[in-house]
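Novice: For reference, the chains in residue letters:
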Amino acid sequence: MVNSKSNKNYGVISQPETTDVIGELAIKYGLENENTEKELLEKMAQIENFEKREKIFENSPGRQIARTIKEVAQGKIKDKDIFIVTLRERLNISKETAQKLAKDLEEKVLNSVQKTFKEKEEFPSSQKIEEVIPLEKPTPPKKKDVYREPIE
Amino acid sequence: MAQKIKNFFLNLKWNKKRSILTSPLPKQRLRFGSRAFAFVPVLIFLGIAAISGAFLTSFGQTILGSTIGNFGLALAVLVLQIPLLLANAFLSMSIAILGVVTSPGFISLSYTNPAGNEFLAVGWALTRDLANIGFVIILVIIGLATALKIREYQWQKTLPLLIGIALLINFTPVILGLIVDASNIVMHFFLGDTIDFTFVATIWHEQLNILLDSAAWSRDLNFLPLAQTLFLIVFGFTSGLIFLLFSFLFILRYIAIWMLVILSPIAFFCYILPATRGLFKMWWNQFIQWSFIGAAAAFFLWLSSHLLLLSWEGKVMGGTFDTGEKATAPIAEMMNQLLPYSIGIGFLIVGFFVTLATSAMGATGIITATQKGAKTAVAWTAKKTGRGIEKGLKVPEGAERLGRWAAGKKIFGVAAKPLIGYAKRRHEEEKKELEGLPFATRAKLTRKPGQSVQDSLRDVVKGLDPRKFASEAHTDDLKNLDVFFAMSRQQVKTLGGERGGSVEQKKTLQETLIKNTGAILGEYKKLRTAGKNEEAKKLFDNLSYIRHNQDYIT
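Order-wise, the sequence lines are chains H and R.
Each residue of the first sequence is one higher than the one before, starting from 6 at the first, in our numbering.
Each residue of the second sequence is one higher than the one before, starting from 109 at the first, in our numbering.
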């Protein structure tokens with residue numbers, strides 16, 4: 006998985022604000038609305054089977070965006086085109102909409118998520134960052150002594 | 109003083125006072141639900157008081173009633189004999205101390221003459237020698253100032269002063285002795301003519317009469333002995349305190365004059381240079397004030413003693429209050445007996461403050477110290493009471509409520525701390541005891557009377573810090589839908605965050621949500637119907653957060 010803490014966590018890459026942005030973008034692109042939670046719950050409540058319910062939950066647009074973001078951050082999706090195609094397929098949207106959404110996600114979410122993800126990879130939280138202490142104290146360059154005659 | 113009284117009335121917040129009247133405990137008022145009903149307890153209280161008052165009056169007029177009433181009053185008078193005796197002892201002691209302090213032979217050591225006071229001789233000789241050393245330095249300063257042409261310090265101005273002061277320094281005890289002796293002559297003139305205050309204590313002869321009065325059977329209710337007793341207690345402590353304050357003032361005068369005489373060579377020395385002349389002036393003012401404060405105090409003591417004597421002889425009041433009317437007779441009788449003394453003591457109090465108005469440094473310290481002492485005593489009593497209450501209150505909520513109420517009150521403010529502190533400690537102890545236990549178990553243990561386990565569980569979750577929540581939530585807890593209903597947005601975030609919950613926790617919470625969609629929807633609708641739109645929104649917001657958060661994705 007992502008880091009040494011993966012046995013405890015999923016490999017945390019999200020920031021609280023990025024989660025909110027995903028929700029906002031889902032609404033912006035008409036994928037979700039203010040009643041989505043209610044509609045989703047009503048839809049799920051009609052089904053008895055847990056797996057099927059879970060599928061509905063997992064297939065919800067916001068969830069799909071979050072999943073795609075996670076895959077990009079984890080490096081599973083490396084190419085931008087693949088990212089757009091994935092979004093298009095998962096969310097069932099047009100190419101143009103997918104491109105715009107991808108751009109928005111890149112600007113508002115991905116940068117932050119990837120940055121955090123890279124930091125996690127480079128410095129797993131179990132590893133302490135050691136402060137680099139210079140061995141010798143740097144000596145300042147000697148100033149010219151204007152009050153003394155140079156010794157030949 | 110008058111300004112203080114004026115300020116008090118100007119700053120009085122009538123609304124605040126009214127709220128205190130309407131309800132002693134703020135939380136109790138809230139129970140009525142509306143401010144409009146806040147006066148109800150007052151009305152009930154007044155009603156009860158009126159009914160019981162009417163009953164007591166009519167009952168008191170019967171033979172049985174008056175016998176029972178008088179017996180109760182006599183009992184109260186009997187109990188009050190202890191504080192009355194203490195007041196008596198305090199007053200007698202204060203009068204005795206004042207008598208000793210104002211007597212000419214109180215301290216045999218001289219005020220100003222080092223020959224008659226070894227303490228003064230040691231101190232004064234030292235400061236004189238120091239001043240003599242200082243003259244050499246001053247000479248150097250004068251020399252430099254003259255060379256540098258600093259006009260203020262040039263030898264023409266400073267050298268004659270230096271020579272004069274150098275001579276005078278050796279005679280400071282004589283000069284100061286003249287002033288002190290002059291003030292002492294005036295002081296002893298008044299003190300010599302002051303009547304011994306011990307006759308004031310004869311007011312306590314009343315005590316026996318009061319006891320006899322209260323024991324005597326009467327057809328009517330007799331409040332006079334009780335009122336007299338209470339008055340005498342107040343009178344005893346007040347007059348005792350004022351006599352004691354006068355005593356302190358006289359003692360302090362000795363010390364202050366000695367100190368000022370010891371410092372006199374330095375003070376005179378300071379007069380030479382313009383830069384230090386202010387110090388001399390300050391010292392001089394203090395010396396004059398401390399010398400004559402004794403005369404002022406003696407004057408007021410002398411006047412008060414004569415006034416009190418006239419009171420004792422019954423010559424102060426032009427006429428007496430009419431004791432003929434049956435209803436007001438006891439009050440009039442009491443006024444006739446005690447009011448003249450109050451006037452005398454009142455005069456003494458005023459005299460004391462006028463004496464202090466001479467602003468002798470340290471004299472005001474007596475009153476400040478008295479005020480501080482009184483405050484400390486009140487604070488100590490309040491604190492002890494608070495601790496007593498604290499021990500008695502087993503429920504931390506009760507202690508906290510009482511503490512918060514006390515915090516708003518001036519006198520009880522000190523008691524607030526231990527009460528709130530106790531409540532907090534108890535809360536912490538409870539929290540520690542509960543740590544590690546499943547939320548459902550905690551809910552059962554902390555359930556308030558009449559509260560459902562469900563509500564208690566929600567209270568447990570709501571009261572947890574997000575990090576604590578994330579670290580302490582068992583997977584079984586997260587299977588309980590009530591936990592999700594009570595979870596705050598921050599708790600949901602923290603559980604999903606980096607230092608938050610485990611994979612297992614997140615998975616469990618998500619599964620719980622998927623399994624119970626119908627129940628969540630039901631709760632949402634219930635909240636909306638109840639008008640709790642904010643809570644309903646929070647429910648969906650939390651769900652939305654979980655759905656959109658990558659950390660919850662497996």
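The hints are simulated quantities; they were obtained by calculation from the structure and are not laboratory data.
This structure is a prediction, so every number in the text was calculated from the model and none was measured.
In this text, a Cβ means the ideal position worked out from N, Cα and C, and glycines have one as well.
Any given hint could turn out to be false.
Using 25 Å as the maximum straight-line C-alpha spacing, the simulated BS3-like pairs for lysine-lysine come out as follows [as the list claims (entries may be wrong)]:
1) R:LYS623 / H:LYS43
2) H:LYS48 / R:LYS552
3) R:LYS646 / H:LYS33
Partial list, derived from the structure: chain H residues whose beta carbon lies under 7 Å from chain R [unchecked claim]:
4) ILE27
5) LEU46
6) ALA50
7) ARG58
8) ASN64
9) ARG68
Novice: Mind checking the alpha carbons of LYS623 of chain R and LYS43 of chain H for me, to see if they're no more than 25 Å apart?
Specialist: holds (15 Å)
Novice: Identify whether the interface hint at ALA50 of chain H stands, where standing means a beta carbon of chain R within less than 7 Å of its own.
Specialist: holds (4 Å)
Novice: Would the hint on ASN64 of chain H be counted as holding, given a Cβ-Cβ threshold of 7 Å to chain R?
Specialist: Because about 11 Å separates ASN64 of chain H from the closest Cβ in chain R, which is outside the 7 Å limit, the hint is violated.
Novice: Against chain R, run the beta carbon of LEU46 of chain H and see if the smallest gap drops under 7 Å.
Specialist: holds (5 Å)
Novice: Hint ARG68 of chain H vs chain R: min CB-CB distance below 7 Å?
Specialist: holds (5 Å)
Novice: Checking one constraint from the list: CA of LYS48 of chain H to CA of LYS552 of chain R, max 25 Å. Satisfied?
Specialist: Outside the cut-off at roughly 35 Å; violated.
Novice: Does ARG58 of chain H meet its interface restraint, that is, does its C-beta lie within less than 7 Å of any C-beta in chain R?
Specialist: holds (5 Å)
Novice: Take a quick look at whether LYS646 of chain R and LYS33 of chain H sit within 25 Å of each other, Cα to Cα.
Specialist: Distance ~21 Å between LYS646 of chain R and LYS33 of chain H Cα, so the pair holds.
Novice: Can we keep the ILE27 of chain H interface hint, with Cβ of chain R closer than 7 Å?
Specialist: Given a least distance of 4 Å, the restraint on ILE27 of chain H holds.
Checked against the numbered hints above, the structure violates hints 2, 8; every other hint is satisfied.
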